[in-house]
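K.L.:
Build the full structure now, drawing on both the sequences and the hints.
Each residue of the sequence shown is one higher than the one before, starting from 358 at the first, in our numbering.
Please note that the accuracy of each hint is not assured.
Claimed, not checked - Label pairs and their computed distance ranges (CB to CB):
| # | residue 1 | residue 2 | range |
| --- | --- | --- | --- |
| 1 | 506 | 554 | 42 to 50 Å |
| 2 | 696 | 360 | 44 to 52 Å |
| 3 | 483 | 389 | 24 to 32 Å |
| 4 | 751 | 832 | 30 to 38 Å |
| 5 | 751 | 627 | 50 to 58 Å |
| 6 | 444 | 785 | 45 to 53 Å |
| 7 | 849 | 724 | 45 to 53 Å |
| 8 | 780 | 832 | 17 to 25 Å |
| 9 | 413 | 563 | 51 to 59 Å |
| 10 | 558 | 751 | 28 to 36 Å |
| 11 | 696 | 464 | 26 to 34 Å |
Please keep in mind that the hints were generated in silico from the structure rather than gathered at the bench.
For glycine and all other residues, C-beta sits at the position ideal for the given N, C-alpha and C.
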Amino acid sequence: MCGCITSIAIAMLCKETGITAIGICSVYDLVTVHKVFPSDVITTIKTKSSYTEVKNFIKQKQKLLIRLFILFASGLILIISRFSVMGFKPPSFQSVDNPASFMDNIFLRILNYSYIYCLNVWLLICPEWLCFDWSMGCVPLITTCDERIIFVIIFWLILNTMIVHIFRPHKDKCLRYSIIGLTMLVVPFLPASNIFFNVGFVLAERTLYIPSAGYCLLLVIGLQKICNRVSAQYILLAYMILVSLFLARTWIRSEQWKTETSLFRSALHVCPLNAKVHYNIAKNAADAGNSTLALHEYEEALRLNPQYAQAMNNLGNLLKDQGMYLEAESLFKQAIQLQDDFATAWMNLGIVLSALKKYEESEKSYLTALSYRSKYPDCFYNLGVLYLEQKNYDKALKAWESATTQKKSHRRAWTNMILLLDDLGMRDDALKIAYQALQFLPDDASIHFNIANILGKSGNFVEAEVQFKNAISRNPTDSMFYTNLGVLYHRWNKLDEAEHMYKKALEIKPELNSARDNLRKLYSLKSSIK
Numbered sequence: 358m359c360g361c362i363t364s365i366a367i368a369m370l371c372k373e374t375g376i377t378a379i380g381i382c383s384v385y386d387l388v389t390v391h392k393v394f395p396s397d398v399i400t401t402i403k404t405k406s407s408y409t410e411v412k413n414f415i416k417q418k419q420k421l422l423i424r425l426f427i428l429f430a431s432g433l434i435l436i437i438s439r440f441s442v443m444g445f446k447p448p449s450f451q452s453v454d455n456p457a458s459f460m461d462n463i464f465l466r467i468l469n470y471s472y473i474y475c476l477n478v479w480l481l482i483c484p485e486w487l488c489f490d491w492s493m494g495c496v497p498l499i500t501t502c503d504e505r506i507i508f509v510i511i512f513w514l515i516l517n518t519m520i521v522h523i524f525r526p527h528k529d530k531c532l533r534y535s536i537i538g539l540t541m542l543v544v545p546f547l548p549a550s551n552i553f554f555n556v557g558f559v560l561a562e563r564t565l566y567i568p569s570a571g572y573c574l575l576l577v578i579g580l581q582k583i584c585n586r587v588s589a590q591y592i593l594l595a596y597m598i599l600v601s602l603f604l605a606r607t608w609i610r611s612e613q614w615k616t617e618t619s620l621f622r623s624a625l626h627v628c629p630l631n632a633k634v635h636y637n638i639a640k641n642a643a644d645a646g647n648s649t650l651a652l653h654e655y656e657e658a659l660r661l662n663p664q665y666a667q668a669m670n671n672l673g674n675l676l677k678d679q680g681m682y683l684e685a686e687s688l689f690k691q692a693i694q695l696q697d698d699f700a701t702a703w704m705n706l707g708i709v710l711s712a713l714k715k716y717e718e719s720e721k722s723y724l725t726a727l728s729y730r731s732k733y734p735d736c737f738y739n740l741g742v743l744y745l746e747q748k749n750y751d752k753a754l755k756a757w758e759s760a761t762t763q764k765k766s767h768r769r770a771w772t773n774m775i776l777l778l779d780d781l782g783m784r785d786d787a788l789k790i791a792y793q794a795l796q797f798l799p800d801d802a803s804i805h806f807n808i809a810n811i812l813g814k815s816g817n818f819v820e821a822e823v824q825f826k827n828a829i830s831r832n833p834t835d836s837m838f839y840t841n842l843g844v845l846y847h848r849w850n851k852l853d854e855a856e857h858m859y860k861k862a863l864e865i866k867p868e869l870n871s872a873r874d875n876l877r878k879l880y881s882l883k884s885s886i887k
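P.N.:
Quick look at the structure:
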């Protein structure tokens, strides 16, 4: 029992569905271990048993009752613990996540839930429609007389027939297997059924993983019953064809899951009206550098769902990168109107306003973003860049310091602090910050490079050479590293080494004018010495 409850608790910590194992264990204990069937329970209730009979029954089933009590009590404790983590408040969702939950008419809400159950069953029977996300209009709501209601009626007729079959008193060798199969099919699905609480999705294939075990058991029972009436050879052939088809479908679906691109595109033929599908395709395309496709898909996502704040934000980012600041500003402001606590949109608006030289509005946007998300290192970094443009160096340094405090590995913030302190002539402070940055970014080539530049300016050629070589070892393809090391050797009168570094830089980047000019000066110096 301890092992069982511990496993259930661990399963629940991984996914809430894990707690439903308590229901499966209870039914298994009743039906399989103690052979107590639903018809027996009904007969006992109908029969007016005497006190002695009840006492004898409790004595005979003492261990069973104790186990059931422990399971029930453990389940209650786990549920209370889970809700305490949530602050005894249900999670909040938007209407696009689960539109049926936001319907005012209870009858229509139940009808739509029932239709979603039908779809779940159909995915078990014929897993053709598989999609990574079923929200945002993927399953249109039933609001009037609809032919889909027929499927709802068929679903409830079949389910009720199975329940009646289980509760009807009769001798069936497969009865206990049927009960376990139906239990494993229904009980693990209950958390996703919207019965006890609303969930943040319309349909999620992951909720069918455990129920599929119950479905397989019921299917095998059905095949065995058919074998008693039809030749087993034909049933075996049909079964092998079914398994082959499922194997092929599994192979195809696994291929679609190999990359984000193939996964997102596979959803288009299932849910072409799902704005989130187009949003994910756009995001994936933008990450791959395909801005044309990303632009088109973000616009399509907004056409399907004009209230999609995340799509507005990402489209605004895309336009911002293309220098279309006014269009981007408009999108960010729309996203903020839809979701006033959208910290990312506030920060991006600040970046655009800064690019448009609207510094006061930009600062307000950054500070608003930080008011909604206090731990936001990227926002502090961008705020520092704004202060730098305004030549407010103290505020810039404080902003970047906040960024590095919240995120120790924020390379750009560290680099900007080092460069600004160096430009201000505060080389000792710049070196102090640089060595501090190396504690968190020991393999960052740019920090070693900046340290080397500062040491070189100070005339500390030996240590500067070491740092330049550290930078080159970590990033051997950066031509500026070789150029600046060449300059160091040039100043150090190590002319042959300097010539070698300049040539190395030009091998990597032939159009690098600084290396070519320095090499020309080096040749002039060598000829004058001769």
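K.L.:
Now look at each hint and say whether the structure bears it out.
P.N.:
Hint check:
The hinted window of 42 to 50 Å between residue 506 and residue 554 is violated, with their beta carbons roughly 26 Å apart. Take residue 696 and residue 360: their Cβ atoms lie about 46 Å apart, and the range 44 to 52 Å holds. In this structure the supplied range 24 to 32 Å holds for residue 483 paired with residue 389, their Cβ-Cβ distance being about 30 Å. Take residue 751 and residue 832: their Cβ atoms lie about 32 Å apart, and the range 30 to 38 Å holds.
As the Cβ distance of residue 751 to residue 627 is approximately 56 Å, the hint placing it in 50 to 58 Å holds. Evaluation of the 45 to 53 Å hint for residue 444 and residue 785 yields a pass: the beta carbon distance comes to about 50 Å. Between residue 849 and residue 724 the beta carbon distance is about 48 Å. The supplied range of 45 to 53 Å therefore holds. In this structure the hint that residue 780 and residue 832 lie 17 to 25 Å apart at CB holds, the actual value being about 23 Å.
One distance hint, 51 to 59 Å for the beta-carbon pair residue 413 and residue 563, is violated here, with the actual separation near 46 Å. Between residue 558 and residue 751, the C-beta spacing of about 49 Å breaks the proposed range 28 to 36 Å. Between residue 696 and residue 464, the C-beta spacing of about 32 Å keeps the proposed range 26 to 34 Å intact.
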